[in-house]
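K.L.:
The chain contents come next:
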Amino acid sequence: MIAFLIEVVRRDLLLAVRRPADAGTVLIFFVVVASLFPLAGNPDPVVLGNIAPGVLWVSALLACLLSLPRIFSGDYADGSLEQMVIAPQPLSVLVLGKIVVHWLISALPLVLLAPVLGLQYGLQGEPLFVLVLSLLLGTPTLSLIGAIGAALTLGSRGGGVLVSVLVLPLYIPVLIFGAGAVVASQAGLEVQAYVMLLVACFLLSLVVAPWATSIALRIALE
Amino acid sequence: MSQLTVNNLACVRGDRLLFKNMSFALSAGELLYVRGENGAGKSSLLRILSGMLIPEQGSVLWDGRDVINGNEQYRLDSLFISHLNGLKDDLTLVENLRFSSYLATQSSQASQISDALGAVKLEAYAHERVGSLSQGQRRRISLARLWLSRARLWLLDEPFSALDVASVDLLAKRLQQHLQDGGMAILTTHQHVDIQAAVVHELKIAR
Numbered sequence: 001m002i003a004f005l006i007e008v009v010r011r012d013l014l015l016a017v018r019r020p021a022d023a024g025t026v027l028i029f030f031v032v033v034a035s036l037f038p039l040a041g042n043p044d045p046v047v048l049g050n051i052a053p054g055v056l057w058v059s060a061l062l063a064c065l066l067s068l069p070r071i072f073s074g075d076y077a078d079g080s081l082e083q084m085v086i087a088p089q090p091l092s093v094l095v096l097g098k099i100v101v102h103w104l105i106s107a108l109p110l111v112l113l114a115p116v117l118g119l120q121y122g123l124q125g126e127p128l129f130v131l132v133l134s135l136l137l138g139t140p141t142l143s144l145i146g147a148i149g150a151a152l153t154l155g156s157r158g159g160g161v162l163v164s165v166l167v168l169p170l171y172i173p174v175l176i177f178g179a180g181a182v183v184a185s186q187a188g189l190e191v192q193a194y195v196m197l198l199v200a201c202f203l204l205s206l207v208v209a210p211w212a213t214s215i216a217l218r219i220a221l222e
Numbered sequence: 001m002s003q004l005t006v007n008n009l010a011c012v013r014g015d016r017l018l019f020k021n022m023s024f025a026l027s028a029g030e031l032l033y034v035r036g037e038n039g040a041g042k043s044s045l046l047r048i049l050s051g052m053l054i055p056e057q058g059s060v061l062w063d064g065r066d067v068i069n070g071n072e073q074y075r076l077d078s079l080f081i082s083h084l085n086g087l088k089d090d091l092t093l094v095e096n097l098r099f100s101s102y103l104a105t106q107s108s109q110a111s112q113i114s115d116a117l118g119a120v121k122l123e124a125y126a127h128e129r130v131g132s133l134s135q136g137q138r139r140r141i142s143l144a145r146l147w148l149s150r151a152r153l154w155l156l157d158e159p160f161s162a163l164d165v166a167s168v169d170l171l172a173k174r175l176q177q178h179l180q181d182g183g184m185a186i187l188t189t190h191q192h193v194d195i196q197a198a199v200v201h202e203l204k205i206a207r
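Protein sequences appear in the order of chains E and H.
Its first residue numbered 1, the first sequence is counted upward by one per residue in the numbering used here.
Its first residue numbered 1, the second sequence is counted upward by one per residue in the numbering used here.
I should point out that these hints are in silico values taken from the structure, not numbers from a laboratory.
These figures come from a predicted structure and were not determined experimentally.
Among the hints, a few may not be true.
Stretch-level coverage of chain H by chain E, calculated; a stretch enters the list once three of its residues show a Cβ under 8 Å from a Cβ in chain E [stated by the list, open to error]:
1) 70-76
2) 156-167
With a straight-line Cα cutoff of 25 Å, these simulated DMTMM-like cross-link-like pairs (lysine to aspartate or glutamate) come out [said to hold, decoys possible]:
3) 204(H) to 222(E)
4) 121(H) to 78(E)
5) 20(H) to 30(H)
6) 20(H) to 56(H)
7) 20(H) to 37(H)
8) 20(H) to 222(E)
Positions of the beta carbon are idealized from the N, C-alpha and C atoms, including for glycine.
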C-alpha cells in the first residue's frame, strides 16, 4: 500500500513538474490578492498589522481553492480516472496520494512565501512564526476537504464555482483557528490551543476525506 | 475454470431504458461480440461489466461471486479498455505504461514495458511524450496494456477504431493468442475483423 502511495505521488509530481505554470499561477494569485488589501484600504502600519492574519489566511485559502478542480479534472477528461477506479489497487490510497501532491504543489509554496508577505504587513518575531506554523498545519486540511468537493463537482458544468460554494463553508473552522492563532500571538497570548485544534481538524479530515472522496469519484464515473 | 455469468441485466441511462432481461455466460476461450447501433448501450454494458456502472437490475457473477459491489479477485482478473485512452500527454510512453501496468497488476518491469511497446511497434517513441503522437498511435499505446496484462477477461470498447490495417492485424493476433491460452474477451466493434476462437458468441442489443 505504501509502495502504491509512493507510485501515485511520483506520477503526479512528475506531471506537475512538466506543467510548472499551474503551480506558478496559484502562487502569483496568492501574492496579488494579499497585496490588494493595502491598496484598497488604509495603508497605516497599525491597521495593516491588525488585518494581516485574516488577509493572509483568506488569500491562502482562496489560492488553495483555485487549484482544487485540477486534482481530478485532467484524469477524468483523458480516462485515466476510469482505470484508477476499476483497478485492484485501493482507490482511497490513490486519492490520498493525489491530495499529498496537491498540497506539495499548490499549498506548500504558499506556506513558504507567507513570511515574506507577513513582513510586508509588519508581522515580526513570534506572530510571523505562528503565521507560518498555522498555515503549515492548516493547509493540509484545506487540501483534504477540498478533494471531496473536487470529486463531487467532477463533470458538472461550472464545477469551479460549485466547488467554492461547497467547500468554503467547510473551510471556516480552519480559517478561524488559523487566523485566530496569529491574532492571539499578536496579543501576547498562548497559541497552543489553536495549534491543537488545527491538528485535530487535520486528523479528522485525514480519516474522512480519502474515503469520502473515493465514494464521490465512483459516483462521478457512473 | 473461470466463468462470467450475467443474469437479467437491465440498464437505464437518464430516463431511457437501454436494455433489460439480458443474460449470457462466457467460459474460458470464448469470444463475445457485442453489436448494436450507436447509443444502443454497448459501452454501458461494458462499463457495467467493468464494475464502474451499477446496473438498474440483475447480477454479474465471476466464478459464482458477485462483482458489482467490489470483488478483489475480479478486479485482478479483468481488464477494461474504454474508448478513452487514459494517457497523459505530459508523460512519456514508458511512464504512461509503467503507471497503468502498476495499477492493474501491482508490478511494472521495464523489460515487460519495452516488450509491450515493441509488440505495438512503438519502441522508437518509448521516451517521447504522448502529446506529440497521432490518434492511432495513442490507441496503440493504450492497447499495449494487453501485452502487459495478466487478466483473463478482456473488455474492449471499440478496440479497432483509429487503427491502421497492420495494427488491426496485430491486435487480432494478440486476441487469438489470449483466447487460445484460455482467456475470454468481450468486444464491441463496427468493423469486421477475423478472429479465430473456439467459440464465438454474438450479442445484439436492439432498441
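K.L.:
For each hint, tell me whether it holds in the structure or not.
P.N.:
Status of each hint after checking the structure:
| no. | hint | verdict |
| --- | --- | --- |
| 1 | 70-76 | holds (count 3) |
| 2 | 156-167 | violated (count 0) |
| 3 | 204(H) to 222(E) | holds (23 Å) |
| 4 | 121(H) to 78(E) | holds (23 Å) |
| 5 | 20(H) to 30(H) | holds (23 Å) |
| 6 | 20(H) to 56(H) | holds (9 Å) |
| 7 | 20(H) to 37(H) | holds (16 Å) |
| 8 | 20(H) to 222(E) | holds (18 Å) |
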